[in-house]
Amino acid sequence: MKILTGNDLKSGAVVWWDGNGWSLHVEDAVDAGDQADAILATESAARRVNAAYAIDATREDGTVRPAHIKDRIRALGPTVRMDLTLKPADPEAGSWVI
Amino acid sequence: MYKYDSYDQEMVDTRVAEFRDQTRRRIEGHLTEDQFKPLRLMNGLYLQLHAYMLRVAIPYGTLNSAQMRVLGDIADKYDRGYGHFTTRQNIQYNWIKLDEAPDILADLTTVEMHAIQTSGNCIRNISSDQYAGAAADELVDPRPYAELLRQWSSFHPEFVTLPRKFKIAVIASDTDRAAMRLHDIGIQIVKNAAGELGARFYAGGGMGRTPMIAPMIRDFVPLDQLITYSEACLRVYNRYGRRDNKYKARIKILVHELGRDEYVRQVEEEFAHLLTQGIEPPIAELERIVPYFADPAYDRSAPDSVDRSDPDFALWLDRNCHAHKQPGYSIVTISLKPVGGIPGDASADQIRLMADLGRDYSFDELRVTHAQNIVLPHVRKADLYALWQKLEAAGLGTANLDQIGDIIACPGLDYCSLANARSIPLAQKISERFAAPEKQAAIGELKLKISGCINACGHHHAGHIGILGVDKKGVENYQLSLGGSEGADTSLGKITGPGFDEDGIVDAVEAATEVYLANKQGGERFLDTYRRIGMEPFKDAIYAKEPVNG
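Protein chains in written order, with this note's numbering: chain Y, 1 to 98; chain W, 1 to 550.
Hints may contain errors.
Label pairs and their calculated CB-CB ranges [to be verified]: (1) Y:Ala-51 with W:His-256: 43 to 49 Å; (2) Y:Asp-83 with W:His-256: 42 to 48 Å; (3) W:Glu-10 with Y:Thr-42: 15 to 21 Å; (4) Y:Ala-51 with W:Glu-158: 47 to 53 Å; (5) W:Gly-395 with Y:Ala-51: 55 to 61 Å; (6) W:Glu-287 with Y:Ser-44: 30 to 36 Å; (7) Y:Ala-51 with W:Thr-161: 41 to 47 Å; (8) W:Pro-291 with Y:Ala-51: 57 to 63 Å.
Calculated cross-link-like contacts (lysine to aspartate or glutamate; reagent style EDC-like; alpha-carbon spacing at most 20 Å) [as the list claims (entries may be wrong)]: (9) W:Lys-191 with W:Glu-112; (10) W:Lys-390 with W:Asp-503; (11) Y:Lys-10 with W:Glu-510; (12) Y:Lys-10 with W:Asp-501; (13) Y:Lys-70 with W:Asp-99; (14) W:Lys-472 with W:Asp-503; (15) W:Lys-77 with Y:Asp-56; (16) W:Lys-472 with Y:Asp-83; (17) Y:Lys-10 with W:Asp-99; (18) W:Lys-37 with Y:Asp-83; (19) Y:Lys-10 with W:Asp-76; (20) W:Lys-494 with W:Glu-510; (21) W:Lys-429 with W:Asp-503.
In short, the hints are calculated from the structure, not lab data. Given the structure is predicted, the values throughout are model-derived calculations rather than measurements. Using N, Cα and C, we set each Cβ at its ideal position, and we do this for glycine too.
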């Protein structure tokens, strides 16, 4: 699947296109399919999200997993500060990244 | 320490107001990101993987306790309770919100600090010897000259859009503690045969994807021509540096392609012209700056002996304290490399504590080192034990300076949008593998440096052992290199061969240290043994021990 991601203009936080807007949580990401370029163009014009781009990902058991490690780290947070990730209580979070 | 005059203060205050307006216009949608990006970068504000990152300038790595305290307060107030000290003697904050960035810059101006020219194709923060003004082996304090260069290079209208970024280091000791010859321009303050002070210039060094050691381009520049000669070096680079390819735009490529002699010829020609233009600041300006770096009021009767009865303290004393020019004093390095820790990171509380210790034990002065540690430059030997106890209690008493646990590591793929692989987890694993003090002591001096991409912010080319992270079809892979050095004997490391995965590289590092221990003669360091016996014995052991997967 193709999902869309970027960084929120004000906070810089990593965000994911959820079909209606931008979510902080990668599991909310939806398949943009052949609409990816059109959505990116519209959202770029709106100037709320920086440097948005489309990436490959898979969905298994409700979990969206970006194909590249860089985007998995973006989705979770730094692997060396699990206390700062979006899922600090998840002991498996680190292994999910790699 | 240098003190802002009214011009300095007005400049930074004006810049904050300007950036506040630019930020407002960006948030309100009046500026596109393409329009805003160069403006924020001029103020040290990057967009990294997880958030905005702010890089704050610490000129030549020197700061007072009030400045250090504000750096700690910023970590609490605007970030997530910590900061990251960098290989450019600066500090970075990783979790900055755009609308708060102008407030941070305003807070910085209250203690004469800023983030100007910490990014962009301009002359960056001038770096220097972290022991400046205190080292027993220095000719003079290099910082007045670094400060003069800082003033010359700040907002220099001709050099704000160079072909690429430009880094200058200034030292005044034969022991190079600033990786001087790996800078775009390296300057060593020297004396000529007549006993006059002057500047020896090196140009065209650097790391990155094309590492180069800067050749010497002039043995002696009189101090009253320091700025004029610097301007000539920059002018030739600005005129002919390649703007068509950012990977070939640094001065090292120009010097390499022209050849050192032709570059020197052009610089000399420009220098002769500039000498007729009267651009050198009056010597009175240098004389105005010098007293700011005068020696503190040392206690001339301070005892020179230290009670070594506590073995843990004695270990730290031997490892982290350096000879001071003033009897009865010592230069203390606070390691930001605890076992399993993140190199260069310090919590807000630790930063504030170090500020207090600088105030109480080091005449209100601290330094940031390019090896991502903090220095208290002027500590009475009689105070060392009390100081060490306070550091120990705060997790800052690690005794590993210049040992294998004292690792330089860039933020890597955990934070940096340019990185290809993570650096920090490797540093953590290696420091844990070699955690035992006796193991580190047996190995002795070994500088290990890790970069998460070819940009080499972790200085891997200059590591006795260097590690470079690469992206191999979406999987992290690590190349090992041996034999680099950043000191007076500067050399570039050579790659051992195929790369390793995360665990394999740690085993490979251990194999390399075993080869050293088995072959060392007398007081040889790892680097000395490598230079004597060459790469082959290391390769044999490294690749025999671990299956190669890269």
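- Task: Would you pick out the hints that fail for this structure and give their numbers low to high?
- Result: Violated hints: 1, 3, 4, 5, 6, 7, 8, 9, 10, 11, 12, 13, 15, 16, 18; rest satisfied.
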